[in-house]
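Peer 1: So the chains spell out like this:
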Amino acid sequence: MIYARPNRLSRRRALVGLLGCLGCLLVPLRKARSADALPEKLAPLIRQATGGVMPQVGRVTLTLPALAESGHSVRLRVRVESPMTPQAHVRQIHVFSEKNPRPVIARFSLGPRAGRAEVHTRIRLAGTQQVVAVAVMNDGTAWMASAEVVVTAAACVEGS
Amino acid sequence: MAKARIKVPEVVKRGAVFEVRLLIRHPMETGFRYNNVGQKIPKNIVHTVRCVYNGAEVFHAELFPGIAANPYFSFFTTAEASGELECVWTDDTGVTMSERVALTVSE
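Here the protein sequences come in this chain order: A and B.
Position one of the first sequence corresponds to residue 12 (my numbering), numbered consecutively onward.
Position one of the second sequence corresponds to residue 3 (my numbering), numbered consecutively onward.
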């Protein structure tokens, strides 16, 4: 009687599989990095919010899940590096969406009293897109950060 | 029926930074949806939220339809003396509501 050779994983197959897995992991990473460029549609809105200046990238940390199962409620955290003193503080935080029918999501006003420039909320997202947070400082400078969110079930589309 | 919940620490140290969490019960109707007979459901969202502590504004937000239903916020502030935190919000139907919470400041 001939016994079939058990289907064992060879070293070659294991290596190829491992490389494939690594490749799959790298693809979304690269996509997220190339999304650093600001969506063109938002530029005029951002200028309006900052009083004409285009914000520099930095000092703002925007935390959003990389993948949101539902666009109806996505948790968002904006944190701005600032000493929050009367001399140097964050005056406003703006949140923009690339694809929502209304691109402005929220505007928060802060002052030195806050002690820490951080806000959390939950937002709606109409599909996979970039979200941008802009902080306007009391000295007139503006800073921003953006994050890409993959949304599996979008909000604000017909029938939702 | 409470329309909102405000969470603050039981006791805060004078001048220390603490977190305030606010949850408002509101449908935040976007104005983009239709009902079962094809009519547009009118937009009705909370457009302004303001929190005042002992007469001084500590948080102010302008909201748009991109904020999820039952809006939730968390922000930070400091307090010099015990008092009351009051949050006031207004929606598109013109209804203004508020919720208060007492805060104790220790030395």
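If you're looking for bench data, these hints aren't it; they were derived computationally from the structure.
There could be a bad hint or two in this list.
As the list claims (entries may be wrong) - With a cut-off of at most 25 Å between alpha-carbon atoms, the simulated DMTMM-like pairs for lysine to aspartate or glutamate come out as follows:
1. Lys110(A) to Glu82(B)
2. Lys5(B) to Glu109(B)
3. Lys52(A) to Glu159(A)
4. Lys52(A) to Glu64(B)
5. Lys110(A) to Glu31(B)
6. Lys15(B) to Glu159(A)
7. Lys45(B) to Glu31(B)
8. Lys5(B) to Glu31(B)
9. Lys110(A) to Asp94(B)
As the list claims (entries may be wrong) - Selected chain B positions facing chain A (Cβ under 10 Å, derived; list incomplete):
10. Glu12
11. Ala58
12. Pro73
13. Tyr74
Ideal placement from N, C-alpha and C gives every residue a C-beta, glycine not left out.
Peer 1: Against this structure, judge whether each hint is valid.
Peer 2: Evaluation of the provided hints:
{"no.": "1", "hint": "Lys110(A) to Glu82(B)", "in the structure": "violated (43 Å)"}
{"no.": "2", "hint": "Lys5(B) to Glu109(B)", "in the structure": "violated (33 Å)"}
{"no.": "3", "hint": "Lys52(A) to Glu159(A)", "in the structure": "holds (16 Å)"}
{"no.": "4", "hint": "Lys52(A) to Glu64(B)", "in the structure": "holds (21 Å)"}
{"no.": "5", "hint": "Lys110(A) to Glu31(B)", "in the structure": "holds (18 Å)"}
{"no.": "6", "hint": "Lys15(B) to Glu159(A)", "in the structure": "violated (38 Å)"}
{"no.": "7", "hint": "Lys45(B) to Glu31(B)", "in the structure": "holds (5 Å)"}
{"no.": "8", "hint": "Lys5(B) to Glu31(B)", "in the structure": "holds (16 Å)"}
{"no.": "9", "hint": "Lys110(A) to Asp94(B)", "in the structure": "holds (23 Å)"}
{"no.": "10", "hint": "Glu12", "in the structure": "violated (19 Å)"}
{"no.": "11", "hint": "Ala58", "in the structure": "holds (7 Å)"}
{"no.": "12", "hint": "Pro73", "in the structure": "holds (7 Å)"}
{"no.": "13", "hint": "Tyr74", "in the structure": "holds (5 Å)"}
Hints 1, 2, 6 and 10 from the list above are not met by this structure, while the remaining hints are.
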